[in-house]
Every structure is written in structure tokens, then in C-alpha cells.
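Enquirer: Next come the chains, spelled out residue by residue.
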Amino acid sequence: MKVLFDNLSLRGKLTAIIMFTGCLVFLLTFITFLVFQRANLRTTLLQDSLVLCQTLGENCASALIFNDHDSATETLQVLTEKSNIIDSRVYTNDKRIFAAYHRHLIEHPEIDRLPTQDPLTQNFKFSPTDLTVFKQVTYQGEVLGTILLRTDLSTVNDALMRYTWMGIIGFVLYSCLAFLIASFLQRLISKPIEDLSKTMRTIALEKNYSQRVTQQRNDELGSLFKGFNNMLAEIEARDTELQANEARLDHLAHHDPLTQLSNRRLLHARIEHTLSQARRSERQVAILLIDLDQFKKINDSLGHAVGDEVLRAVAGRLKKHSRTSDTLARIGGDEFVIVLEHINSPDDVTRYLQGVLESLGQAIKVSGHELYITASVGVSLFPENGEDVEELMRSADVAMYKAKDSGRNTFRFNTPGMNDKAHGQLLLESELHKALEQEQFVLHYQPQIELNSGRIIGFEALIRWMHPERGLIPPGDFIPLAEESGLIVPIGEWVLNSACLQSKRWQAQGRPEVRIAVNVSARQFRQKTLIQTVEQALQKHQLPPHCLELEITESMVMDNVESAIVKMKALNDMGVQLSIDDFGTGYSSLSALKRFPLANLKIDRSFIQDIVTAPEDAAISASIIALGKNMSLKIIAEGIETVEQMDALNAKGCEHGQGFYFCKPMTPENLEEIYDKCWISSCPKTSQTTSAAQRPKEVTASG
Amino acid sequence: MKKRIFHSLLSLVLMLAFPLLAAAGEKYVEQQLKAAITYNIAKFVNWPDHAFENERSPLRFCILGNIGFSKELMSLQDRLIGKRPIIIEHSASIADASDGHILVIASSERGRLDHIFSMLQQRPILTVSEMNGFAEQGGMINLVNVGKNIRFSINLDATAAAKLELSSKLHALATEIIKNESAQGQP
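Chains A and B are the protein sequences, given in the same order.
Following this note's numbering, the numbering of the first sequence begins with 1 at its first residue and continues without gaps.
Following this note's numbering, the numbering of the second sequence begins with 704 at its first residue and continues without gaps.
Be a bit skeptical, because a hint or two may be false.
Stated by the list, open to error - Calculated cross-link-like contacts (lysine-lysine; reagent style BS3-like; alpha-carbon spacing at most 25 Å): (1) K652(A) x K594(A); (2) K95(A) x K851(B); (3) K82(A) x K872(B).
Quick caveat, the hints were computed from the structure, so don't treat them as lab data.
Based on the provided sequences and hints, a complete structural model is requested.
Expert: As C-alpha cells, this is what we get:
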């Protein structure tokens, strides 16, 4: 029952309560009415019966006096007029029946004797179906007998039954009426609540918390509405705050906090949008990737606060130069991107970029410093260089490195050919970046041997890439790419530092000083910072300069002989040994060679390979050895694999060699066993050219 | 055998004797009833106020001639009707009965009825008799035998002339009511 009630709707509950109350009141009233009516009817009947009894008694008195049964019987016959009288009897004082009347002339067993009650105190008796009254018959004070009258209660009962039926019909009608009224009345309470819940649903659906319940009431519902409105106001306030927060977060998510330019994410979206528009209108779009040159140095030397100021200044200048329709973004530490729409030809871009570079070239004054910033810019064009954001960004990246390669402070467009080539290598390039960050590179060391004694005179440091998935990758597979992408510079620095560290470590472990040869790449060699880098590496690891040998190739020095000589001299003055690697494969000018402050020449392995079988190779080897001797250079033969090769070289007067015949390149740990057995001090301190040593240092720090 | 004869004889004697005994008993009951009716009728009659000195003055019954129920009537002496004691006495002549209230006339006085009524003139005296045709001749209450019961007829002209009021209840019990010179049968 309670469950049933609980499951009713509020309207149902109210209707039920009103109806229940109404019906209960009706029933109670009706029952009270019935009870009173019954008592009333009975009292009336009793009085009527007593009066009738009295009258009959008086009329029978004379008959009793004169003992006239017939007369008495006749008198009683008047009762036939009253259909509710069952029977009547007149008794004499000695309790004999004097006269009798019966409606149906049926003997009734109860009537044969007088009721036992005292006639004076109780002269009537109700049974469920009839009423019995009796009265003494007197005449002039003399008691003559008793008269008894039995009345059918059917009239009373019929009346009551009629009332009951009327009550039932009335109850049904009343219930219907009560239901209608209750249905109407409950709305007074349920309607506002329903309206409220409807409003709530609307608000929940529309999420519009500025809506309010408009009804004004002074009852409990009114305070409910007020509370609801207060809650809505609270929610609205929070919602506003939330939206503000979201907007802030959104701004943070899409903007660079330092310069307030778009970040990489927003940039991508913008480019995509621009591209889709450009596609429809068949316009060109240019993406300019601007990378500040040498920015890291500013950060390192002047601190990040200054670096940040510089970036802000750069952003300001770029902003000044860009049109409002152009997108400007900072996507990395010192990388900016400008998206140019509405360009008609690459010449537009060129003109624009010249302005930008000129603007950036002006001095930036930050906290007392006057700084000069240059930038390298890579340009990719839609649709020439790519159809989507990724392609275009990659293309711009490649072009930017091209600009860097071209000596910085310039810009380069991407040509489709270059782009295609770069495409396949880009993956490897990104992996190279990762390799550098995660130190996946290792150095193996190959001993260099004095051929006539078999002693170790030094080691050549050789880079290896321990790729986490592909395993050991030989340098030939990634060095050219590293060279091209410019990654060779940081890799080279890492090699230099690692080699120095290893050498110092060996010394610290009590081993004698030993020379370690490190290969220098063309790009690394061209770096103005090379000398500085070498100097820092030596200082950092407290390594004597004569323990470091730098191997360079013929082609590196022959491209620009004069500047190469300057650099080599500077290195030589520092005390670092220099050697020409792969000698014999390039086009060395012997006159130039004469001017180089070299310590060693390394005969290329291709000559050694066939030195026993090919007379030409043997001849070239012999010539190089002779040349070296004449120029006071030590000769090192690379790639010695057999005893015959070694013998041949020995015979020709080659002093040093390296190769699998002696020892393959090994990790430092593996090497240490051999290292300890046949160690010789190999740092030829005498190899420095006096002329170079006497020269003043020409090391210049570049920006 | 003797015993049987005795029984038969006994029953024969009883059969012969019973009607006689029964007749004697009936006669006695009849006299009593007549006395009772006479007495009871008095209860239903209203005399004019001047017939009594006060409300406690006795009600006088006068018997003229020999009536069959005089003994039974006499036995009712000193009873009360209402607050009045009753006096029952024999009157030697009609003149003696002039101060009575009820005059019971014997059947033997039939020949002198006209004289009696003329003597009574219109005094408030209720005349009662069991002689046949008493009411028709001007008497007021005439006792009559109806089967074994005793009933009465009333002459309302006579009572009205004597300024006597008879209760309507008496009317209901009367076998015959004479009024305005006509005899009315009991309804």
C-alpha cells in the first residue's frame, strides 16, 4: 500500500488525499446520520405504538368491564388499517387472553405469554424485527388488564435501507464529484511544482542558467522558488567563471605565453583553414619557418630572462611586419612561423622576407646588452611544396636547414627535388635527433699500432649508433644524413667530448697518456666555433692537447684553403694534432699540403686493400709514404687486414697502421685488457711545427 | 359382570342428572352477570350535578319488586364507584325510590310501568329492567339474554329526557339503541 502510494505522482497523491479525506468525512457523516435516523425512527414508532396501545386500551376497557370478548376483538380489528402491526392481545388481570388480533392470523409462540419485564418500568422491547409495547388497561383508576402490541420494524428498517441505498448512490456520485474537485484543487499545489520542474528540465536541456522562475508566491512553494532562483544565480555565476576559465585555458592552450603568438597547435588549425580556403580560390600560400641563429648562446651566456626578452622583441618585430591576415606563431624555443596568404608569386615572399630579415638585423637592446640577432628562414609554398600542413612544415624545415647551411641570416625556398630526397631521410633525421638526446650513440676505439714494434700508439674513436630497434647502425648509414641535416655538428661535439672524457678516464685509472684521434666532419670543420669547441672540450676534461688528434679530409681543406689553413694553425697552436684522413682519394694540392700544420697522413684503406696484388696500389702507397717522410709526416695505414699487407707496408717504411689484423674497433671496456698489455706512450710531443707554435693565437669567438 | 352393570347404571344416572345440574349453575351465573352489568353500567353514566349533594355522596340503587338477582346485587353493597359508595335498597313503592339514582324494576311490575314512568317524570334516575320490551316501552337499560351471555339495549330518548349522559362506550356494547323513537340495531 505504501509502495503503491509512493509510486503515485504528486498529482495522484494530492488527488488521493483530497478524495480520501472527502470520502471519509462523507462516510462518517452518513453513518452518524443513519444512527440518529434509526434512533429517531424508532422513537417515533415507539411513541406511535404507545399512543395506539393507550387508545386501544381505553377502547377495550368497557369490553373488559362487561366481559365482552367480541367487542374487544372488534376494537382490535381496527388494527387491520395499520399494516405494520403484527399482532395485539388483551390480557385480563389473571393473565388470560381476553382478545387477540393477528395480521396473518398465525400463532406466534412468543405472544402466548406476557413479557416478563416489569410493565411499569419497561413497557417496550425492541427485537431486530419488531417492537413490543404493552400497557395496563384501566378505567377510573381500576386496573382491568393489559394490552400488548407488536409492531413490525420493517418500516424503520426499510427506511434505513432506503437511506443506505441513497447513501451508496450518493457516495458514488460524491466520489465522482470529489474526484473532479480534487483533480481541480490539486492543481493549485501541483501546477506550480510541475511548472518548476518543467523550468528545471528546460534549463538542464538548454544549459541557460540566466533563466529564472517568475512565479511569485508567499507560501512554502514561494520559498522553494526563491531557493531555486538563488541556486540558479549561483550556478550562473559559477558558469560564467567557468567559461572565463575555459576561455583563459583555451587561450593558454593555443597561445605561446611568452610572446602571446599562436602556438603550434593553433598554427596547425590556422594553416589547415587557410589551405582549405586557398584550395577553393586556387591561391598560393607561403609558410615561412624562421629559426633564430645562435639563440642558444644568448640563453646560455646572458640567461633565460634576456633570452625571453629577445624572443619578445623578435615577436614584436615580426608582428609589425605581418599583415593582419597573416598568421604568426612561435612553435619552439627560437622557431617562428609566418603564414602568408594572398601572395601572387615567390617574389612577394622574397620582398617580404628581406624586410623581415633587415628588421631583425637591427640591434636589440635588452638590459644593457646590445644584441644582434640573425635568422635562417625556410620557405615552403602551397601547393608547390605540399598539399597538407605536415608536408608543408617539413618542406619549410628542410628549406630552413638549407638556409642555415648557406651561412645563416638568409632564407631559402624548397625545391621539389630536394624535398623528395629529404622526405625519406626525415624519419631517420628525427631519429638522429632522438639518438642524440637519448645518448644512443657510443664510441668504439680502434688501436693504432707501431708496425715494427707492435705497440699501441693511439686510438681512433669511431661512432656507432645503438638503435633501440634496429640494433647497431654503421656510421656510413647515418653520417651523410647527419652531415646534410646539420646534426653532425652536435654529434661531432658529442664525439669530441666523449673521446676526451674516455682518454682522461684512462689516465685517471693510472694508464699513461694516449692519443685519441677524432674525425671531424666537413660541416663541423666549417663551423666558426670549431676551435672554441675543441678548446672547451680539452678544458672541460683537463686533457693535454697533444693527446687529441683531429682527422680531417682532403676535400674539407681544399674547398677553401686559406680559411682552412687559419683554422688548422689555430688548432695546431693549441697543441692539438691534425691529420689528413683518407689521403690519396681527393685532389690535394701538394703546395697547399706543404702549408698545412699536419702531424699525420692516413693512407686510404682502398690502397691498402690491394697493396699485395695490385702494383698500382702498391706504388701509390709507396709514394705517399715517401711523401710523408719527405714532409716529416707520420704515415698511418688504414684497414690492414692481413699479415701480407702489414709486411708490405713495413717493407715500404710505413711506421704506423690500424685494422682488423691488429684489432677491430671495440668498446673501451673490452679494449682495456689489450690496452694494459701493450701500452706505450704515444703522444709525439715533438710533432708540433715550430712555426705554427710561434704564431699568436687567432682563435675568435663567433656569435 | 356386576361391575359392568354398575358402571352402566352410574353413567346413565349421571347422564340424566347433568342437564339439571348444569341448568341450576347457569341460572346462578346469569344472576351474577346481571348484577355485575347493572353495577358496571353505573360507571358509564353521568348524573346531573344536582342529583348529588357533593362528590362523595353515595349512589343509591333502588329495587322495585322482586328481581332474580337481588341477592347478588345486594352483595355489592358499599362498593365504590369513583369516590362514591353505593347503597342498595328495596323500595316498597315508586314513591320510595324517588331519591335514588338507579331504579331496578322487576318483571312483575310490567303492568304498572306507565304509572312508574309518569311518577318518575323526568327525574335523573336510570331505569334498569330485565323484562322483555322494557326499552321499547320507555325504559332506559334493558338487560337481555343473548345465548349464555347477558347483553343490554339502551333507550337514548329516555336517558336524554332524564338528563342522563351515557358513555359512548356503552353504545358500543349495546345490542340495540333506541333513539328518536326508532329502534337501531347494534352495528
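Enquirer: Find the hints from earlier in the document that the structure breaks and name them by number, from lowest to highest.
Expert: Checked against the structure, no hint fails, so every one of them is satisfied.
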